[in-house]
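Q: Heads up: the protein sequence lines correspond to chains A and W, in order. Heads up, the first sequence is in the working numbering, so the first residue is 1 and it goes up one at a time. Heads up, the second sequence is in the working numbering, so the first residue is 1 and it goes up one at a time.
Bear in mind the hints are in silico, worked out from the structure with no lab data behind them. Please note: incorrect hints may appear among the correct ones.
[To be verified] Lysine to aspartate or glutamate pairs mimicking EDC-like chemistry, simulated, CA-CA at most 20 Å apart:
| hint | chain 1 | residue 1 | chain 2 | residue 2 |
| --- | --- | --- | --- | --- |
| 1 | W | 117 | A | 27 |
| 2 | W | 233 | A | 473 |
| 3 | W | 254 | W | 204 |
| 4 | W | 67 | A | 473 |
| 5 | W | 227 | A | 284 |
| 6 | W | 110 | A | 198 |
| 7 | W | 229 | A | 192 |
| 8 | A | 503 | W | 236 |
| 9 | W | 233 | A | 192 |
| 10 | W | 265 | A | 192 |
| 11 | A | 189 | W | 236 |
| 12 | W | 99 | A | 513 |
| 13 | W | 181 | A | 192 |
| 14 | A | 503 | W | 169 |
| 15 | W | 267 | A | 192 |
| 16 | W | 262 | W | 208 |
| 17 | A | 503 | W | 175 |
| 18 | W | 101 | A | 198 |
| 19 | A | 395 | W | 56 |
| 20 | W | 233 | A | 513 |
| 21 | W | 107 | A | 113 |
| 22 | W | 226 | A | 192 |
| 23 | A | 503 | W | 172 |
| 24 | A | 471 | W | 64 |
| 25 | W | 114 | A | 113 |
| 26 | W | 233 | A | 198 |
| 27 | W | 168 | W | 103 |
| 28 | W | 229 | A | 281 |
| 29 | W | 235 | A | 192 |
| 30 | A | 189 | A | 281 |
| 31 | W | 110 | A | 513 |
| 32 | W | 181 | W | 169 |
| 33 | W | 227 | A | 192 |
| 34 | W | 107 | A | 513 |
| 35 | W | 189 | A | 433 |
| 36 | W | 227 | A | 281 |
Note that this is a predicted model, so its numbers are computed, not measured.
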Amino acid sequence: MTLRRSFLIMTGFLLAGATAAYAQIPDAPQIDFPYAGNRTGVWIVAQLHILFAAFILGAPIFAVVSEWIGYKNQDPKYDRLAKEVIKVTVILYSMTALTGGLFIFVLLATYPDFTTWLIKHFFLIFAIIYPLLFILETIILYTYFYSWDSMKGGKKARHIALGVLLNIVGTVTLFAIDGPTSFMNTPAKAVEGLSLVEYIQTAGLWEKMANFSWMPLNLHRLVGNVTFGGFIAGLIAAYMYMGSKTDEDRSYYDWMGFVGNMIGVGALLLLPFMGYLLAYELCDYDASICPYMMADQLSMFFEMQGAMVGLVFLASNYYIWLSMRRIQGVEQVRMSGMVMIAVLLIPAVMGLAWKLFPPPEWQSLLFLAALVVLPPILSRLPGLRFTISAFTMIKVGFLMIVVADAIWMTPHGFVATQAMATEHNELPSWASELALMPAKNAAAFTLVFLTIVNYILYNRAIRQGTIIWGKIDFASQFVLIFLAFSAIWTMGLMGTVRSLTRKYFHVYNLVPDFTTEAFTPTLTYSAWWITGVTIVFFAVVSFAIMVTLRPGSGQKSSAPQGVPVPAGGK
Amino acid sequence: MAEQSLTKSILKKGVIGIVVGVILVVVARATHFPEVFQFMFFLYAMLGALVFILLDAPAMPRLEGAKAVVGLIVFYGLLSGAYIGGASILPQYDPEIEKGKIDKVLKRRKAMTKQGKADELIARAKELNDRAAYLEKQLASLGGGAKVVVEEAAAPAAASGDLVALGKEQWELQECYNCHKLFGQGGKKRGPVLDNIGNLMTPEQLREKILDPKSWMAEGFDKPYKKGKMPDKYKDLMFDEEIDALVAFLATLKDASVNTPKPIKMK
Numbered sequence: 001m002t003l004r005r006s007f008l009i010m011t012g013f014l015l016a017g018a019t020a021a022y023a024q025i026p027d028a029p030q031i032d033f034p035y036a037g038n039r040t041g042v043w044i045v046a047q048l049h050i051l052f053a054a055f056i057l058g059a060p061i062f063a064v065v066s067e068w069i070g071y072k073n074q075d076p077k078y079d080r081l082a083k084e085v086i087k088v089t090v091i092l093y094s095m096t097a098l099t100g101g102l103f104i105f106v107l108l109a110t111y112p113d114f115t116t117w118l119i120k121h122f123f124l125i126f127a128i129i130y131p132l133l134f135i136l137e138t139i140i141l142y143t144y145f146y147s148w149d150s151m152k153g154g155k156k157a158r159h160i161a162l163g164v165l166l167n168i169v170g171t172v173t174l175f176a177i178d179g180p181t182s183f184m185n186t187p188a189k190a191v192e193g194l195s196l197v198e199y200i201q202t203a204g205l206w207e208k209m210a211n212f213s214w215m216p217l218n219l220h221r222l223v224g225n226v227t228f229g230g231f232i233a234g235l236i237a238a239y240m241y242m243g244s245k246t247d248e249d250r251s252y253y254d255w256m257g258f259v260g261n262m263i264g265v266g267a268l269l270l271l272p273f274m275g276y277l278l279a280y281e282l283c284d285y286d287a288s289i290c291p292y293m294m295a296d297q298l299s300m301f302f303e304m305q306g307a308m309v310g311l312v313f314l315a316s317n318y319y320i321w322l323s324m325r326r327i328q329g330v331e332q333v334r335m336s337g338m339v340m341i342a343v344l345l346i347p348a349v350m351g352l353a354w355k356l357f358p359p360p361e362w363q364s365l366l367f368l369a370a371l372v373v374l375p376p377i378l379s380r381l382p383g384l385r386f387t388i389s390a391f392t393m394i395k396v397g398f399l400m401i402v403v404a405d406a407i408w409m410t411p412h413g414f415v416a417t418q419a420m421a422t423e424h425n426e427l428p429s430w431a432s433e434l435a436l437m438p439a440k441n442a443a444a445f446t447l448v449f450l451t452i453v454n455y456i457l458y459n460r461a462i463r464q465g466t467i468i469w470g471k472i473d474f475a476s477q478f479v480l481i482f483l484a485f486s487a488i489w490t491m492g493l494m495g496t497v498r499s500l501t502r503k504y505f506h507v508y509n510l511v512p513d514f515t516t517e518a519f520t521p522t523l524t525y526s527a528w529w530i531t532g533v534t535i536v537f538f539a540v541v542s543f544a545i546m547v548t549l550r551p552g553s554g555q556k557s558s559a560p561q562g563v564p565v566p567a568g569g570k
Numbered sequence: 001m002a003e004q005s006l007t008k009s010i011l012k013k014g015v016i017g018i019v020v021g022v023i024l025v026v027v028a029r030a031t032h033f034p035e036v037f038q039f040m041f042f043l044y045a046m047l048g049a050l051v052f053i054l055l056d057a058p059a060m061p062r063l064e065g066a067k068a069v070v071g072l073i074v075f076y077g078l079l080s081g082a083y084i085g086g087a088s089i090l091p092q093y094d095p096e097i098e099k100g101k102i103d104k105v106l107k108r109r110k111a112m113t114k115q116g117k118a119d120e121l122i123a124r125a126k127e128l129n130d131r132a133a134y135l136e137k138q139l140a141s142l143g144g145g146a147k148v149v150v151e152e153a154a155a156p157a158a159a160s161g162d163l164v165a166l167g168k169e170q171w172e173l174q175e176c177y178n179c180h181k182l183f184g185q186g187g188k189k190r191g192p193v194l195d196n197i198g199n200l201m202t203p204e205q206l207r208e209k210i211l212d213p214k215s216w217m218a219e220g221f222d223k224p225y226k227k228g229k230m231p232d233k234y235k236d237l238m239f240d241e242e243i244d245a246l247v248a249f250l251a252t253l254k255d256a257s258v259n260t261p262k263p264i265k266m267k
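Okay, chain A solo, but in the shape it has when bound (with noise of 0.2 Å):
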C-alpha cells in the first residue's frame, strides 16, 4: 500500500513537473526591425514585395499582348519584345517569392498577434488558394517561357492562349490576396443589430472578402500593373538602346522604347480613373476617410501625388514629341483650329459641368460629349475651317497640361492639416472652388484628353509621313526612365496613402494598432522610404536586365532595321 501510494506520488510528481516544464515554453523576445522599428520594417518588405508583384503580374499581360500582335500582324519584332519581357520577368519571379516570404516573416515577427488573427480569417485563402494559385501560375510561367521556341508555327496560337491562361491565373491570384488587403481597409458595415465585432465574427470568407473597397483596388492595381509593365518595358529598351552598337540594335529598342511608352500610357489614361473610384468607395464606406486624406494629415501627400502625375503626364507627351521630331514629313501634318479651342477650353467648361452635375449625374457627360464632337462637326462649317500644325498644337498642348498641373496642384491651404488653415495660407473664398473635387476632375481630364489628341496626331504624322527607327533624340531613353522610375515611385507613394487610411487600426475600426508607432509619418520621412524602396528595386530590375539582356551584346535582330522605312510599315 505504502509503495503503492509512493508509486502515485511520484507519478504525480513526475507529471506536474512535465505539464510545468511544457508550460514554461520561455516567451520569444520582443523584436525590434534593426534601425527602421517594426511598422517601417514591414512598409519596406511589403513595398518591395508588391512592386516585385506588380512586375510579374504587369509585365506578362504586356508581353501576350504584344505576341499576340506580333502573331496577327505576322511582325517577329513583337515576338521578340515580348521574349525579351518574359526572360526578364522570370528572373524576377523568384524574387516576388523571397521577398514575399519575407514579408511574412517579418510580419509574424513584429505583430504576431495581428497576423495570426487575420491569417485565422482568412485560412483559405492564405493556406489552400494563394499558395496553389502561385504554384499554378510558376507551372505556366515556366511553361510559357520554355515552350516560346518549340511552338512556333502552327502551334503559335497555343502558345498566346497559354499566355492567356498565364494571366487569367496572375489576375484570380491579384483579386485573392486583395481580399484580405481590402479588408483590412473596409472590413465591412456592421449589419442592423449587430457591432461590426459581432457581425465580424460570423461572416463568412466571402462577405469579408467582397468589402467595399476590394474591386476598386483590384481594377486600380491591374491598370496600374499594364501601366507598369509598359514603362518597365520602356526601360528595358532605353537600357537596350543606351548599350547597343549597331543601328540594327538601336532601331529595335527604340521601337521597343516606343511601343512600351505607348501601351505604358495608355493604361495611364485610365488610371486617375480607377483611383478616385478607389477614393470614392472609401469614402462612401466611412465618410471620415475623406478629410484624413484629402484635407488633413494626408493632404500634402495628394500634393505631392498631383506633382508627380503632373510629371509623368508632360514626360509621356514629352517623348511623343521627341518621337515626332524625327518623322520625315510631319511639318504637312494638321489639325483643325476648333479641336485647340475645345482644348483650352477644357478646365474651364469641365469644371463648371462637374461643379453644376458632380459624378455619376450624367448631365456632365453632355458637356463631355460637346467638347469632343462639337470640333469635328464645326471645323466642316464654312469660316471656321482654319487648320493649325502638329507642333504649334502639341505646345498649346502642353501650356494646358502645365494649367492642369496648375490647377490639381493646387490645395485649399498650404499647411500640413487643413485644420490649421488660415487667411494667410488658404485660397481666398472667391477662388476656393479650384481646391475642390470638379477642378481636380476637370484637370484629369484635360491631362487625359490632351494625350489623347497627342496621340492622334502621332498617328497621323506615322501614316503621312516617314519614321526613322534608331534615330530618336538620345534624350529620349532618359525620358522613358523617367516614367519608369516617377511611375514606380507615385505607386509607392499611393500605397503609403492607401495603408495609412487605417490610421491607428490595423484593420480599420476594428483592430487597434496599440504599438507606439501607429501615427501618420511626415511626408518627408516616407519620401526617403519610398525613394530608397524604389532605389532598391531599380538596382535589382537592372541587374535582372544586365544579366539577362546583356546590353551590348549585339544579339541579333530577326527584323531587318535601321532603314529607313515607311511609318506605319511592317
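Once you've looked at the hints, dock chain W against the given chain A.
A: Frame of chain A; chain W shown alone:
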C-alpha cells in the same frame, strides 16, 4: 551652333517665363491670394518656360560605355534628390500632435487587452515600489519626533474633469470638426454647423443621432443624409461614458445667432 541656339532659347523663354510669372504674381496679389500661392504661380510660369526650353532643345549627344553608366547613376541620384526635396519643402504634419490623440482614444481599449492589463499591473507595482522606497527613506531618516509624510495619490484626471470639458475633448479626438463647423472653425460644409444644436435637440436626441446617424437629418442636408455621410461607427468605437460626455458638450451649444439647420426626425 546648337549650343548658341540653346542659350538663345533659354534666355528668350526664361525672360518670357519671368514676365508671365510676374504678371501672375501681380494679379494674384490684387485678388488677395496669400504669398505662398503667389510664389506657387510664379513657379508654374517657370515650369512652363522650362517645358518650352526642352521642346526646342537640340538633340542630346549619345552617351556610351562608362559615360552612359555614370549618366544613369547621376540621373537616378537627381531624381531621388528631387523627389525627397520636393516632398520636404511641403508643409509637414507633426506626428506628436497625433500621438497624444491616439493615446487618449485607445487608452481604454488598450486597458482591456491582456497586454494592457499586464502594463497596468506593472505600472501599479512600480508605483507601490516607489512609494515603499519613499517610506523606507523617510523611516531611515527618522529622528526624534519626525513625522512620516505620506503623499496623497493624485486623483485621476477624468474624475476631476467636468463632463463638458471631456465632451469637448471627445469632439477633438473623434475629429467631428472635419465635417461640422463650430465656433467658426472646421467643417468645410460637409455637415451642418452645430453652434446652436443645444437649443434644437435634447440630450437624448443627440445621443440617438450619434448612435444611429440615420435617425435624424439636418434640414438642407438631404444628399449627405441619403449617401449616409455621417459614419455609423461611433456606437462601436466610443464607450458609453465618452458618448455621455460628447452629448453633454453638444447640449451646451446654444448660440442662437448662428444658423444651425433644423433637425428632422427620420426614424
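Q: Each of the hints needs a verdict: does it hold here or not?
A: Hint by hint, here is what the structure shows:
no. : hint           : in the structure
1   : 117/W to 27/A  : 17 Å, holds
2   : 233/W to 473/A : 57 Å, violated
3   : 254/W to 204/W : 16 Å, holds
4   : 67/W to 473/A  : 17 Å, holds
5   : 227/W to 284/A : 8 Å, holds
6   : 110/W to 198/A : 19 Å, holds
7   : 229/W to 192/A : 17 Å, holds
8   : 503/A to 236/W : 16 Å, holds
9   : 233/W to 192/A : 12 Å, holds
10  : 265/W to 192/A : 19 Å, holds
11  : 189/A to 236/W : 11 Å, holds
12  : 99/W to 513/A  : 12 Å, holds
13  : 181/W to 192/A : 30 Å, violated
14  : 503/A to 169/W : 19 Å, holds
15  : 267/W to 192/A : 14 Å, holds
16  : 262/W to 208/W : 16 Å, holds
17  : 503/A to 175/W : 12 Å, holds
18  : 101/W to 198/A : 27 Å, violated
19  : 395/A to 56/W  : 10 Å, holds
20  : 233/W to 513/A : 17 Å, holds
21  : 107/W to 113/A : 19 Å, holds
22  : 226/W to 192/A : 17 Å, holds
23  : 503/A to 172/W : 15 Å, holds
24  : 471/A to 64/W  : 15 Å, holds
25  : 114/W to 113/A : 11 Å, holds
26  : 233/W to 198/A : 13 Å, holds
27  : 168/W to 103/W : 17 Å, holds
28  : 229/W to 281/A : 12 Å, holds
29  : 235/W to 192/A : 12 Å, holds
30  : 189/A to 281/A : 13 Å, holds
31  : 110/W to 513/A : 9 Å, holds
32  : 181/W to 169/W : 16 Å, holds
33  : 227/W to 192/A : 17 Å, holds
34  : 107/W to 513/A : 11 Å, holds
35  : 189/W to 433/A : 13 Å, holds
36  : 227/W to 281/A : 12 Å, holds
In this structure, the hints that do not hold are numbers 2, 13, 18, in rising order.
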